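**Q** Whenever a hint applies, use it, and build me the whole structure from the sequences.
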Amino acid sequence: MPMEKHIWVRADLPGSYEERKSIVTASLEVGLTDIIIREEDEPLRRLGRFNALVISGEDVLLGGHTVARMVTVRGPEDLDKAYALKGAERVIISSRDWKVIPLENLIAAFQGSGTQLMAESHGVEEARLFLETMEVGADGVVVTAEPERLSEIAALRSRPPSVELVPLPVTRIEPLTVGDRVCVDTCSIMGPGEGLLVGSQSSCLFLISSESVGSEYVACRPFRVNAGAVHAYVLTADGRTKYLSEVKGGDELLAVTPEGASRTVVVGRAKIERRPLLLVEVDDGERRFSTIVQNAETIRLVTEDGPVSVSELVPGHRVMVRLEEGGRHFGHSIDETITER
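Each step along the sequence shown adds one to the number in my numbering, with nothing skipped, and position 310 is 357.
Hints in this document: simulated from the structure, not taken from any laboratory.
Nothing here was measured: the structure is a model prediction, and the numbers come from that model.
Be careful, since some hints might not be right.
Heads up, simulated DMTMM-like pairs for lysine to aspartate or glutamate below, C-alpha to C-alpha not over 20 Å straight-line [to be verified]:
no.	residue 1	residue 2
1	Lys-68	Glu-199
2	Lys-52	Glu-199
3	Lys-133	Glu-105
4	Lys-133	Glu-151
5	Lys-68	Glu-87
6	Lys-289	Asp-227
7	Lys-52	Glu-173
8	Lys-318	Glu-333
9	Lys-52	Asp-285
**A** Pasting the structure below:
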């Protein structure tokens, strides 16, 4: 999974106070909370909670501390000044004519240095270009844009890649005794079949559907995924795994559709309750994988034909899973032989 890009918005440019206020308001409405303001625009801080950055000379300050250095590049001769700042926390490159600056060289030079490289951009298309150059892109952008375009800017922060899902046949379904399971309520409305990737082995995560399908017993709750037992792994928005027992409000998880499209969802709360459990096992011809979920008709695994309640699941049903080679260490994928049963 790619790291999320940093996007800072400039609300300190020429114009009226009301115009600058509209930029701050629009930024907050789309979740952009790193905003450069004028030092005298102190009242703007009351619009919401955000990082109020201030430019002082070549320094960008947050709470009086330098968090970035700005370098204006007018030609190739100015690049040496930028290269000399490697080792700083963050460097922002600004230019009136990006055609004369080999951004690819800058990205390559700063890669692996520990210094974040950001580029000042004007508008959506320029920001997109900077974030995607050389596939890696800059670590972030400092953007000037009209308030109505900021939602497009915000969408550039991260684009979770599609998740490859494969159907595997169910070989075993076994009711278990009671145990602790985790119900994850997110801050997003999910569609039928969209849900979280959960499993007892990190090498095979099952697509557990949201409760976006109602029944005669329970109302539709499309924000909820009754994910499984506390020991299970769940895939987070940054591509790591964590135990379901660790999930809490404010965490960001990866929601996935049956087609593999993914997006970040924020956890509103996670509820751990003792419930009767059910083991579901699949087989890829060489290995067996399993997950443990609550034994209730509201829990649905996703098949090639759509979500199916575990109360109706039978051996032979082909459920959608994400397979992964190697293992996990503290949630990170590692190239190591690990067997989990």
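**Q** Evaluate each hint against the coordinates.
**A** Okay, the hints, checked on the actual structure:
1. Lys-68 - Glu-199: Holds, because 19 Å separates the two Cα atoms, which is no more than 20 Å.
2. Lys-52 - Glu-199: Given pair Lys-52, Glu-199 holds - Cα atoms ~14 Å apart, limit 20 Å.
3. Lys-133 - Glu-105: holds (15 Å)
4. Lys-133 - Glu-151: holds (16 Å)
5. Lys-68 - Glu-87: Given that 20 Å is the threshold and the Cα spacing comes to 13 Å, the pair holds.
6. Lys-289 - Asp-227: Within the cut-off at roughly 16 Å; holds.
7. Lys-52 - Glu-173: Holds. Lys-52 to Glu-173 sits at ~15 Å (cutoff 20 Å).
8. Lys-318 - Glu-333: Violated, at roughly 35 Å.
9. Lys-52 - Asp-285: Judged against 20 Å, a Cα distance of about 12 Å means the pair holds.
This entry does not satisfy hint 8, going by the numbered hints stated previously; all others are met.
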